[in-house]
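*Asks:* One line per chain: the protein sequences are A and B, in this order. Using the numbering used here, you'd call the opening residue of the first sequence number 1 and step up by one each time. Using the numbering used here, you'd call the opening residue of the second sequence number 1 and step up by one each time.
Calculated directly from the structure, the hints in this document are not laboratory data. There's no promise every hint is true.
One-sided and incomplete, this derived list gives chain A residues near chain B with beta-carbon spacing under 10 Å [said to hold, decoys possible]:
#, residue
1, I122
2, T218
3, L220
4, F234
5, I235
6, A291
7, F300
8, F309
9, F340
Taking lysine-lysine pairs in the DSSO-like style, the calculated list, with each CA pair at most 30 Å apart, reads [said to hold, decoys possible]:
#, chain 1, residue 1, chain 2, residue 2
10, A, K286, B, K248
11, A, K370, B, K21
12, B, K248, A, K99
13, A, K369, B, K21
14, A, K286, A, K370
Where chain B lies over chain A, by a calculated footprint (3+ residues, C-beta under 8 Å) [to be verified]:
#, segment
15, 65-78
16, 327-333
Note that this is a predicted model, so its numbers are computed, not measured. C-beta atoms are modelled at their ideal positions from N, C-alpha and C, and glycine is treated no differently.
Chain by chain, the residues run as shown.
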Amino acid sequence: MKAQHAARMRLLGVIRKESWQILRDPSSISIAFVMPVLLLFLFGYGVSLDASDIPLGIVIEQPDTLSHSLAGSFERSEFFKPYYFNAIQEAQQALDERKIDAVIWLRNNFSSSLLAGQEAPIGVIINGVDSNQANITQGYIQGVWLAWLTHFAEVQGQALPMPVALDQRVWFNAALSSRMFLVPGLVAIIMTLIGSLLTALVVAREWERGTMEALMVTPLRISEMLVGKLIPYFILGMGGMLFSVALAIWQFDVPLRGSFWLLILASALFMLVALLIGLLISIIAKNQFVAGQIAIIVTFLPAFILSGFLFDINSMPMIIQVITHIVPARYFVAILQTLFLAGDVWPVVLANMGALFLMLIFFFTLVWKKSRKRLE
Amino acid sequence: MKFELIMALAIKEFLALLRDKRSRIVIIIPPIVQLLMFSFAATYDLNNIPVAVYNRDAGSLSHELISRLEGSPNFHIIKRIHHEAEIAPLIDNRAVLLVVNIDSHFSADMRRGQSTSMQVILDGRNSNTAMTAMNYLRTILLDFNRNWLEKQGQAGVKTVLDVRNWYNENLQSRWFIVPGIVCLLTLVVSLLVTSLSVAREREAGTFDQLLVTPIRPVEILIGKAIPGIVIGLLESTVIIIIMIMLFKIPLRGDIGALYLGIVLFLLSSTGVGLMISSIAVTQQQAILGAFLFMVPAVILSGFSTPIANMPEVVQWLTYLDPLRYFLIIVRGVFLEGDSYGLLFNQYWPMLLISIVSLAFSGWLFRHRMY
């Protein structure tokens, strides 16, 4: 009874000490609240894969009704902003100078060949440096062209160019707006950063100043110290998390189709993993310099590239796919994208939460073992 | 200006960085490992997209269409389903990215000359993946249609889009992403090296000692900037060699134009790093500052998503981002074969950023004291 009481006192003591430290040092609070707002605003508005007003050069060598009607179709499309050139050389130069992203080239025999039923190819040149953007541009050009062609065939009374049409139904995100999937992913990335930075930096400073050793000579047990350190930062991190979710829903209009409590539960699990990774970094690093470096290297970039937030994991080489399994953000991104856009899909949510739980146990054991060893 | 003083300070900075085994490892190993890992990982190309087929048509035409899907390296048919109710769970659980749904009168309609359609149900949780998959499908379908019309002797309208992709002929996203990763890692390394260099000394109190020595603030500035630039140059050279040898990214332009870009970029990023370091009172603030600069700098640079898609206000902000210019230079020199002339508009903003940030940090040395 007495021992239990003492343990509770010790734990509360650490929590109190950590909470004071957080409140007195504005940097922790700014990590937890200022960073998510700043980053989410910047990312939410800055990151988009939806192209519009693509600068498109149109070369018409022989102006006539047909070529104008095709150019008019591009003019009316919301995806393009046409610029006209008289010769292909001029358009190619503009492409070289990055003034336009693509060129449509109607040669001087285009209309006559088309009407005579001869081959009338349309030249298309796309700046392929950004291959993803080039693919999207090509898809848009194809769409405008097909619509124009169908109309032309109807007028001419000829066979339709597409006996089989593509009838697409996109679930969860019918408008294919990239913000809908990027914002939930960004929440995961921002939380990875914040969770691990909070503990990595703050605790590394204690190691550096020697106050950690001072703590260890007190009757405080290691597990109590770890839990005592985690709780205040956990509360702080969850505050930041809620803030980001609110921004995603109300500022960026991302629908939350799944259950709110499930989202909180998954976030709590992920936040603990991130905080533990931060603790682990601070224990390994010993000083703030190395801790900061490791935090930059192992948190932000892997979460950005290996989490499936932007790049499709299934398309990565096998060995990289295996590596993505040790990136906790991978699981959280899957959970967030599903909970926000699709709803409570239990198989997806449970499998990913299970993985996060295993990581939690793994990192807790590792941190516990490492911090004990540090004393010897 | 005393050259020996600057060199002495630079050597001291190098020692401070490289003496500790951990920080030595942290500066050298991760950039190389990350280049390899991320370059393989970061691709927008899709292959082996998991597909389920729900084909109710008994005719041969639908089978022909499906075998075209099967033959494509982009798609991998993992399941053939027989009930409509099976579609939803497959998509919900992310077992497949898309389900191809073909009506029972597909072949009959086609033979009668009626237009018909192939329905595709896609998982839109990642809209970019969905859109790319749709583009692949559309290409297959266009080909199938043309083939069918030719076989029918209905020449119809004889026009095709003859698409050429310049600079990246096969649209390999690796050619786009790997140069971006080079820029990213150069930024990370130079920021890591410089952002703490002043803050650490301030925290330890040795910076005040440095200020009372005969060495002038300009000389301190140069001495502190040298390690970042030298380490950045060495690492970017190694990374560029790996990029050419291993990833076979073609170097089409002038290597001098590339190195001019690297030097200017390193000047601007060390300038920003030193500025953060001089503003910060503690190391913790310096690290946070480096983060707060680095993360938006990456996002707004056009590394992964085009700047042209951003709202106008955000586009203005990107002009402050040195990484933006550097990315255009690296991609321009490598893929587009650019030389000095075309890149002039990328060089001078970086020079401007360097001058402003370096001058400001030099000024802060003396004017921010506690």
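*Asks:* Holds or violated: is there a CB of chain B closer than 10 Å to the CB of A:F340?
*Replies:* Where the cut-off is 10 Å and the nearest Cβ of chain B is about 9 Å from A:F340, the hint holds.
*Asks:* Would you check whether A:F234 satisfies its interface hint, that is, whether its CB is within less than 10 Å of any CB in chain B?
*Replies:* With a minimum Cβ separation of about 20 Å from chain B (threshold 10 Å), the hint on A:F234 is violated.
*Asks:* Between the segment 327-333 of chain A and chain B, see if three or more residues pass the 8 Å beta-carbon test, and mark the coverage as holds or violated.
*Replies:* Per the Cβ count (0), the hint is violated.
*Asks:* Does A:K370 pair with B:K21 here, judged by a C-alpha cut-off of 30 Å?
*Replies:* Within the cut-off at roughly 19 Å; holds.
*Asks:* Any CB of chain B closer than 10 Å to the CB of A:I122?
*Replies:* For A:I122, the interface hint holds, since the closest Cβ of chain B sits about 5 Å away, which is under 10 Å.
*Asks:* Going by Cβ atoms only, is A:A291 closer than 10 Å to chain B?
*Replies:* At 8 Å from the nearest chain B Cβ, A:A291 passes the 10 Å test, so the hint holds.
*Asks:* Going by Cβ atoms only, is A:F309 closer than 10 Å to chain B?
*Replies:* Status holds, d = 9 Å.
*Asks:* Mind checking the alpha carbons of A:K286 and B:K248 for me, to see if they're no more than 30 Å apart?
*Replies:* 40 Å, violated
*Asks:* Quick one, is the A:T218 hint okay against chain B at 10 Å, beta carbons?
*Replies:* Violated - the Cβ of A:T218 stays beyond 10 Å from chain B, reaching only about 24 Å at its closest.
*Asks:* Holds or violated: is the Cβ of A:F300 closer than 10 Å to a Cβ in chain B?
*Replies:* 6 Å, holds
*Asks:* Quick check on A:L220 please, does its C-beta sit within 10 Å of some C-beta on chain B?
*Replies:* Violated: closest Cβ of chain B sits about 24 Å from A:L220, beyond 10 Å.
*Asks:* Less than 10 Å between beta-carbons is the criterion; does A:I235 satisfy it with respect to chain B?
*Replies:* 20 Å, violated
Figure legend: structure checked against the earlier numbered hints; hints not met, in rising order: 2, 3, 4, 5, 10, 15, 16.
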